[in-house]
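Build the complex: two chains, separate frames, hints provided.
Read top to bottom, the protein sequences are chains Z and G. Using the numbering used here, read the first sequence as starting at 1 and increasing by one per residue. Using the numbering used here, read the second sequence as starting at 1001 and increasing by one per residue.
Don't read these hints as lab results, they were simulated from the structure. For each residue, glycine too, the CB sits at the ideal point set by N, CA and C. A hint or two may mislead.
[As the list claims (entries may be wrong)] Which chain G residues face chain Z? A few, computed with CB under 8 Å, are given here: (1) Leu1007; (2) Ile1081; (3) Leu1100; (4) Phe1140; (5) Leu1234; (6) Leu1235.
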Amino acid sequence: MLSRNNIIRKGTLVFYALFILGFPLAGLFNAFSTSIGLTGPLATGLTGRYWQQLPTEASLLFSLGFSLYVAIISVGLAVVIALALVLKRQSMLKLTPFPTLLYVPLLFPSLVVAFYLFQLLSGSGWLSRITHTIGLTSTPDNFPAMIQDRIGLGIILAQVVLAFPFFTLLFQSLYDDVRLDDLRNLTRTLGATESQFHRRVAVPILLQRAAPTLVLYGVAVLGAYDIPLLLGRTYPQMLSVFITTRLQRFDLAELPTGYLIGFLSTVVLMAIIFWATKLTQRHAI
Amino acid sequence: MRSNPTLTSLLIVVFGLPFVLLGLLALGQYWRFPDILPPTYSFDVLARLLSVDGELGIGLLLSLFIATTVSILSTGLGFVIARAVALSKHPARWITLSYLPYALPPVLLAVLIQPYFIRLHLSGSIAGVIVALLLITIPFCTLFFRSFWGQQAIQYEQLSRTLGCSQRQAFLHVLLPLARPLLITCLFQSFLLAWFDFGLTNYLSVGKVRTLTVQVYLFVGEANSRLAAVAALLLLLPAALLLWLNKKAIVRQI
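Chain G on its own, in the form it takes in the complex (with noise of 0.2 Å):
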């Protein structure tokens, strides 16, 4: 078992040429075929990207926004609710019942949930994009907080109520700070698939909500391809960041 030079220069292009290839899309200009490499470079489209009325920082600005509150609500939503998982008298249904949004492919998901989205008028908003990606997102962080709440969390909790503790004081001064590594995990773990989500974005927001992922496929569509290129980078941007920061954080449980 050696290490190969051609295997090991294959792979690290395979994974390093989408980065090259979607750089000089987004910075070349007029690159059409049969030009290896684009004629001139311009980092016009950054001035684009902060221009007030530029769709593609609104896009940005809309996808943060939206990633963020997800994951902040999922999280703690998901953390909360596993305790209760682990406390009920059948977790391994509640388990199984945690599973049922994978079941579906995403837009699958917004399929079969628009009628009701349309009747409760959450089509087409960035509230009902929100709500309908909690629906996968809540469900993830239940099933990833399952290993923390076993039987030492809960006789910690107990113990700290024995000691004097409130209810609040047990979690707030015993059970947060000993689930922070997961609790920090799983928010960038939910981030990353709001982040990432395009199926049930633009099938539930009928292409009013345009998200990063939304903005790509739709340039793609005009022909535009360095405006996407632009916007895929973007979308890279905080997952090669987080990868950057602490890899263990994005891919802890495989």
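For reference, chain Z alone in the conformation it holds in the complex (with noise of 0.2 Å):
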């Protein structure tokens, strides 16, 4: 017979499963449903329409080749910062004010970020002003596009500024974690130069080390909101932007592909977070 605790640790562990499982997983039931055409204001009956419609919009591949490339641009780039401070400057970083430098960025909503960006690089933004000022340009317009522009300048960079700094701090605990100090004076007196020493051992190290938290601070970034809202052109879009500005159309017809997208999204970013919590598990940092 269960004891009371017992029954009301299981009570506490349905309720978990319930609230955590059960509506992200109503939620794609729904979306799938819908994209079937059994649920949803245009419902009509099984079909596979929209399904078989999927591969022909152009939009919704540019979008994910578009978010795709943004992420592996600005994590890669955050990475080479964030390395490049931690191995080449590391006594810099102890140095104050790094050690709380480093943790402004992380206090900054991702929306502020965009909205400092888009103020301080718009066309009339104030690098534009100082150009400007100092002769470089003569109108707004002479500066270059560097937010809603074509290759997505705007919201790279904002990404990068989020980044860096957490990577930094997490290459410095993993630094420390595995005393890469000693290491380095290892292959120092194995005959290794200070580049070897980087190439062949601390990079390495470094990044597999920290591979779990890459893949998931990626995907993040794939599915970013407020930052490519504010900073994004209306075409292409990323994935985020895309699907809500989809469903939020008045176009109730537009709502099965909208779901169908949602619902492909959702089960492949699941894919990839499972398959890097099981790294987590077996690199636990």
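Take a look at the structure:
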């Protein structure tokens, strides 16, 4: 017979599972059934029409490609900056004000970062005013497009500004954990150069240890909403903005395809997270 | 490996410039292209903040109410759920489950759950926003307390029970004091999660629950950069205050 404590504990777990699993799974089920015409305001009965039309959705493919490109470039750049700081400016990072300074961007909501970069980099922004005053540009239009631009420069910059301090702190803690200073001395004693130590020892160790966190961060950038909403263009849009825009249109006929895209994105992202959490458990940081 | 004054200055500018620019935008008046600095400054936005019908003041109170409620509820529930997870037969499975809400960008989660929120009359309401934020913060707190409910905490609990404590006494007088620093840190972090959210709140509230983040977006849309800057600075305030009070309390686990 179960004791009262066991009943409470099991009840807690059932509540947790229903709450955490229930809503998203019910949402996924609803999205799937809408995509096959079984639910939704325009449900017409079972149909594979929306699934068959999906490969012809060029805007979706562009949106997916654009999101992947932004995620890879921003995480890649942030990793390079963070690695350079940790490996080449180790002593600087331990001096005031860096131990505190690096935490500052972590306190910025992404929407605020987007707004700040909008005010800094737009045609009539602060940098454009400075270049106008010193005679480099004559009108706001002369200033190079750095936000709402074709290649997503503003979005990438915002993501890098948010990510590189976080990655620096991450690599710094790993650097101390795996005692890379001792390994550096050992490799130098064995005749390796500083560059060889970085390329063959430090970078592989840091990247391997940080891999799960980097993947999770990449997924977060892939699904970013606030920053591309303010700094992105109407075409191509990043995935989250693309899906929400599609579902908020007045044309109800767009709903099944919108939900189908949402369903597929969710399933793919869940698979990546599942794989990343397996990695996390293997390389528990 | 030397310190580099140029690099140091560059990083200080990168991290400090947002505060300067947002401050100038908030206080500057009639600041038009191509002026580098505003021609005049005024604190009149503070009066708008304090006025009874001021949107900013209401947004601030609303954000404070939602973030405080969410952080208290999720920290308490996360603490209890983490214990149940630690004592379960398959803790690893529950941990994997706890990562589920992070498999989805918040706005995508909002897209999926919105039909149910409409049916439950939660869409466009403060209660709906709180429930939605709990979907993200409770698993976060559960994962956060995973390290606390190791062998030692369970043994302390068993020892206190052996010495005659009731379950309630063991919880109140042994476990809670033991977990106090973690509880405070978790409270801060879950507060910030709720405080910073935009996508979930904006989508599920259909523009009706105007928290500070939603207001920043709306003011930007109205090209009212002055009020957007004030709202943005208000958003930074608690986070900066927490950093000033205790850096480790904010970023404990990386």
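Structure-based check of all given hints:
| no. | hint | result |
| --- | --- | --- |
| 1 | Leu1007 | 7 Å, holds |
| 2 | Ile1081 | 5 Å, holds |
| 3 | Leu1100 | 6 Å, holds |
| 4 | Phe1140 | 11 Å, violated |
| 5 | Leu1234 | 10 Å, violated |
| 6 | Leu1235 | 6 Å, holds |
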